[in-house]
Amino acid sequence: MLQVANLEVVYNDVVLVLRGISLEVPDGQIVALLGANGAGKTTTLRAIGGLLDVHEGDITKGTITWNGERIDKKRPAEIVRAGITQVLEGRRIFAELNVDDNLRTGAHTNRSRSAVDAAYTRVMDLFPVLQERRRAVAGYLSGGEQQMLAIGRALMADPKLLVLDEPSLGLAPKLVQQIRDIVVDINRQGTAVLLIEQNATMALSIADHGYIMETGKLVMDGDPKKLLQDEDVQEFYLGLHGSGERKSFRDVKHYKRRKRWLS
Amino acid sequence: MIPVLIAQAAADSAVDKLVSAITNGLSLGAIYALLALGFVIIFKATQVISFAHGAIAALGAYLVAYFATVINFPGDLIGGPTWLQWTVSAIFAVLMTAVVGLVIERLAIRPMIGEPMFSIAMVTIGLDIALRIISNDFISTEARPLGDPFGTSVWEAGPVSMAHSEIAAITVTIILVVAIAWFFRTRIGIAMRATAFDQEAAMAQGISVGRIFAIAWAIGAGLAAVAGIFASLFPRASQGVSSETAFFVFRAFPAIILGGLDSVPGAVVGGFIIGLAESFAGKYLTWSGFGVGFSGIVPYLVMMVVLLVRPYGLFGTEEIRRV
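Sequences listed follow chains A and B, in order.
Count the first sequence with our numbering and you get residues 1 to 263, in order.
Count the second sequence with our numbering and you get residues 1001 to 1323, in order.
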């Protein structure tokens, strides 16, 4: 189980991005983390994966624990070895390497031959498309294939927790459905998933628990079905208003509803 | 009868000239290829332009001189024929140079990660000066022979005549190039290519970027040392490693740029092209109007012409992009 408690992150020693985030990802569950641009979702993930250094970020308060062990001071390689792998926003596949080599980078921490082979078979079962394009240079794959490759690469490390940052980014609706089904499949095979999404409907439809962030704080959390029913969520994320109809932006009267969650 | 003989002799000497231009070019190109390969591996994996490459090559050659001739370590532990002892000591010295590469990376380069590329390049210039002064101090004013078993002996077959050291240079280069090509398919090698492409994404896969940097520097320094050895042997140098050896490496820069700064195959091909160009210019462009030493500038001319046509070098990648 991943537990984040009162996490505060500062970039460049001045920019306070996370102001006390607390969340939990229980084993074997899908947890969705939603929020507008700049809310701090990606920063939360960087903190979990140990990738803040690259961006001049520091954890100034709070802890991250994984199965009871603190991981907020650990290096990325140790975190991956402990069982948390992330798929970065925007896929970030190694475009110059072919598909197989991309997958092999994912297995970097996985030293046993048989475990790597098993992970490879699992990835090929999940993504038959990659099987066909094993020798293709990754940069020439389509957007959907690249996203699948990015997820497959993360799975090569045999993670207990898979962290996905906007897997539906820039994909056609049909592909978003496909990615959604894949996430469900991966979860059924026993991997917990922490899912960041702007596509709230998609994320909440598969999640066991949902968190909503705004400007560095968690403003709401709970059962995804309840969140989907919530007026604020409907208005801000689903483009619906109270009665569930689609709303024309012409009718929006900003003063009628408060524009921020709390405060 | 006599005119025929003269014509025959002229044809023979023309063939000899051509063959010797080729063999000389290949052996020179082999050294350039090794230098370029090490430089490109460091640049590609760590984005550091290492101006210290020449100093490292000279240091490597000096270490060989020291280990093989002064203390004969660890060759004397093994015994056997002298050439074997020398080879073992030389390999040990190359490994020591690789360790020096590791130390340089850890002490001077690692703290500079994230700084602008030019700042790091400046650090390597400082390293170059420091290393050269230290190794020149050890070498002192006299050139030091490496105690190699090749000497000045030459192998001849028909029109071909090559120094043993030249044959060794080409053979060793081929072996090392194949080994490097194989290395890039191993777990660490793929991790290095991944790191070269996208450091953060590599870190997210659990690749320790610092370790990859260290390995790249070790390999680069080791290759530089091997090149430094062959650059200090007959016929490249008359007496062994001297304060000139470090500057030999600057002649490999056209090879690096020509092949493309970030291309490993380009480094090898560029090395041989520049070696052949220099050698052919030395043999054929002897018109007195060019003056003495014209062959020395030919590599740069070739580089300029190639860059006019292909600004990224022959094999330099622009960027793979799906359209």
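It should be emphasised that the hints constitute simulated quantities derived from the structure, not laboratory data.
Treat the hints with care, since some could be wrong.
Coverage of chain A stretches by chain B, computed from C-beta distances (three or more under 8 Å per stretch; other residues unrestricted) [stated by the list, open to error]:
id, region
1, 69-83
2, 93-100
3, 122-135
Here are some chain B residues the structure puts well away from chain A; computed CB gaps all over 12 Å [as the list claims (entries may be wrong)]:
id, residue
4, Thr1195
5, Met1203
6, Val1305
Beta carbons are placed, not taken as given, at the ideal position from N, Cα and C, and that holds for glycine.
Check your understanding: When you look at the beta carbon of threonine 1195 (chain B), is every beta carbon of chain A farther off than 12 Å?
Key -> Non-interface label on threonine 1195 (chain B) violated, nearest chain A Cβ at 9 Å vs cutoff 12 Å.
**Study point:** valine 1305 (chain B) non-interfacial with respect to chain A [C-beta, more than 12 Å]
**Key:** Correct as stated: the minimum Cβ-Cβ distance to chain A is 27 Å, above 12 Å.
Check your understanding: With a Cβ-Cβ cutoff of 8 Å, does the region 69-83 of chain A contain at least three residues near chain B?
Key -> This one holds; 6 residues, not fewer than the three required, reach chain B with a Cβ under 8 Å.
Practice item. Test the statement that methionine 1203 (chain B) is away from the interface with chain A: the closest C-beta pair must be farther apart than 12 Å. Key: 4 Å, violated
Check your understanding: Are there three or more residues in the region 93-100 of chain A whose C-beta lies within less than 8 Å of some C-beta in chain B?
Key -> holds (count 5)
Check your understanding: Are 3 or more residues of the region 122-135 of chain A near chain B, judged by a Cβ distance of less than 8 Å?
Key -> violated (count 0)
Checked against the numbered hints listed earlier, the structure breaks hints 3, 4 and 5; every other hint is satisfied.
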